[in-house]
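Engineer: Below, each chain spelled out in residue letters.
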Amino acid sequence: AQSVTQLDSHVSVSEGTPVLLRCNYSSSYSPSLFWYVQHPNKGLQLLLKYTSAATLVKGINGFEAEFKKSETSFHLTKPSAHMSDAAEYFCVVTKNTGGFKTIFGAGTRLFVKA
Amino acid sequence: GAGVSQSPSNKVTEKGKDVELRCDPISGHTALYWYRQSLGQGLEFLIYFQGNSAPDKSGLPSDRFSAERTGGSVSTLTIQRTQQEDSAVYLCASSPPGLNNYNEQFFGPGTRLTVL
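Protein chains in written order, with our numbering: chain A, 1 to 114; chain B, 1001 to 1116.
Hints are computed from structural coordinates only; laboratory data are not their basis.
Treat the hints with caution; some may be incorrect.
Claimed, not checked - Mimicking BS3-like on lysine-lysine, the simulated pairs with C-alpha atoms at most 30 Å apart in a straight line are: (1) K1017(B) with K101(A); (2) K1017(B) with K95(A); (3) K95(A) with K1057(B).
Said to hold, decoys possible - A short list of chain B residues far from chain A (calculated; beta carbon distances all over 12 Å): (4) T1013; (5) P1061; (6) D1063; (7) G1071.
Said to hold, decoys possible - Computed Cβ-Cβ distance ranges for the label pairs, DEER-style: (8) S1007(B) with Q45(A): 42 to 48 Å; (9) G1016(B) with E64(A): 45 to 51 Å; (10) A114(A) with R1022(B): 29 to 35 Å; (11) K1017(B) with K113(A): 41 to 47 Å; (12) D1018(B) with E15(A): 35 to 41 Å; (13) S84(A) with S1005(B): 21 to 27 Å; (14) G1071(B) with G16(A): 48 to 54 Å; (15) E64(A) with A1002(B): 26 to 32 Å.
Please read all numbers here as calculations on a predicted model, not as lab measurements.
Where a beta carbon is used, it is the ideal one built from N, C-alpha and C, also for glycine.
Bound-form chain B, shown alone:
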């Protein structure tokens, strides 16, 4: 079946503009995660959704970052007034119902964001 998809695959924007990144999880997966991977660094956890709710938003780096999930499916990550330090690959993952501690996360290919 289809895996996690993300769009766009690449996004180049100018400093100060807003961007929206989209994630389509695997059908039936209730949990959805957003991460940021900066050049040469590991993955930074941003936010996690269980259904449409985000129990923990403390990983979002600033109030310029927000995320929502509708219908227990698609999620969008919005970055307002982008800064050059926001340049990174943004990864989305989803996992099936069950104890989220133990579940494998299935990752999408990522969106590479470049802020000029």
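With the rest of the complex left out, here is chain A:
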């Protein structure tokens, strides 16, 4: 069975400080992993994706994530938060054997303080 756990329901950082949003997954085989962002009153947008080519994945707006198989983690990071980063972030895993499913984590709301 597949699952995605986002370890924090909300994270608060000050502008200019690092961001860490944590995601753990369980999968019986090599997964495809994604991070999506949802800004208030806006649609979901892809930040980055892991598809086994490289373990460190760079995305838009300075975000990156590292796939660590030994830890079954895919944490999202950014060196310096900006006010515009305030949004809801979703870690996602897709399954394409015995039927296709996309499984979203519960989401982490990021607050950025001035």
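Could you slot chain B onto chain A? The hints should help.
Structural biologist: What follows is chain B alone, placed relative to chain A:
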């Protein structure tokens, strides 16, 4: 080009009525997905279409929910005999041809359904 569009943007209905939600994917996208996002919760996968076929319908919450896709394009999600617990934002996404595991999904703005 145009993104994924959904209609209506808002729908208020009475308990027990049927509703139809529509999704227009990006032209040329072969895969189409429906999700439900309840207040304060993550997205719940409902169903996935590859072309007009839905290989996996196990995400549909009950037999009151059904979906179809015609012409490899527009899709409708139908909820019969709506219940208050059906109130949510229903999101549609599409993705281009290729290995669906790896493809970015492009999301529509959603339909907010309120069942009174």
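Engineer: The output says T1013(B) does not contact chain A. Does that hold with a beta carbon cutoff of 12 Å?
Structural biologist: About 22 Å separates T1013(B) from the closest Cβ of chain A, which puts it past 12 Å; holds.
Engineer: Given the hint of 21 to 27 Å, check if S84(A) and S1005(B) actually sit that far apart at their C-beta atoms.
Structural biologist: Holds: the Cβ-Cβ distance is about 25 Å, inside 21 to 27 Å.
Engineer: Was D1063(B) rightly flagged as not at the interface, with every chain A Cβ beyond 12 Å?
Structural biologist: D1063(B) clear of chain A: closest Cβ-Cβ about 18 Å, beyond 12 Å.
Engineer: Does the claim that P1061(B) lies off the interface hold, with its Cβ farther than 12 Å from every Cβ of chain A?
Structural biologist: holds, 14 Å
Engineer: Is K1017(B) within 30 Å of K95(A), Cα to Cα?
Structural biologist: violated, 34 Å
Engineer: Using the beta carbons of D1018(B) and E15(A), state whether their distance is inside 35 to 41 Å or not.
Structural biologist: Distance hint for D1018(B), E15(A) is violated at roughly 48 Å.
Engineer: Given the hinted pair K1017(B) and K101(A), is their Cα-Cα distance within 30 Å?
Structural biologist: Status holds; Cα separation ~29 Å.
Engineer: For the range 41 to 47 Å, tell me whether the beta carbons of K1017(B) and K113(A) fit it or not.
Structural biologist: holds, 45 Å
Engineer: CB of G1016(B) to CB of E64(A), is that within 45 to 51 Å?
Structural biologist: holds, 49 Å
Engineer: Should the hint that G1071(B) and G16(A) are 48 to 54 Å apart at their CB atoms be regarded as holding?
Structural biologist: holds, 50 Å
Engineer: Could you let me know if the closest chain A CB is still more than 12 Å away from the CB of G1071(B)?
Structural biologist: holds, 21 Å
Engineer: Holds or violated: the 26 to 32 Å window for the beta-carbon distance between E64(A) and A1002(B)?
Structural biologist: holds, 30 Å
The structure shown violates the earlier hints numbered 2, 8, 10 and 12.
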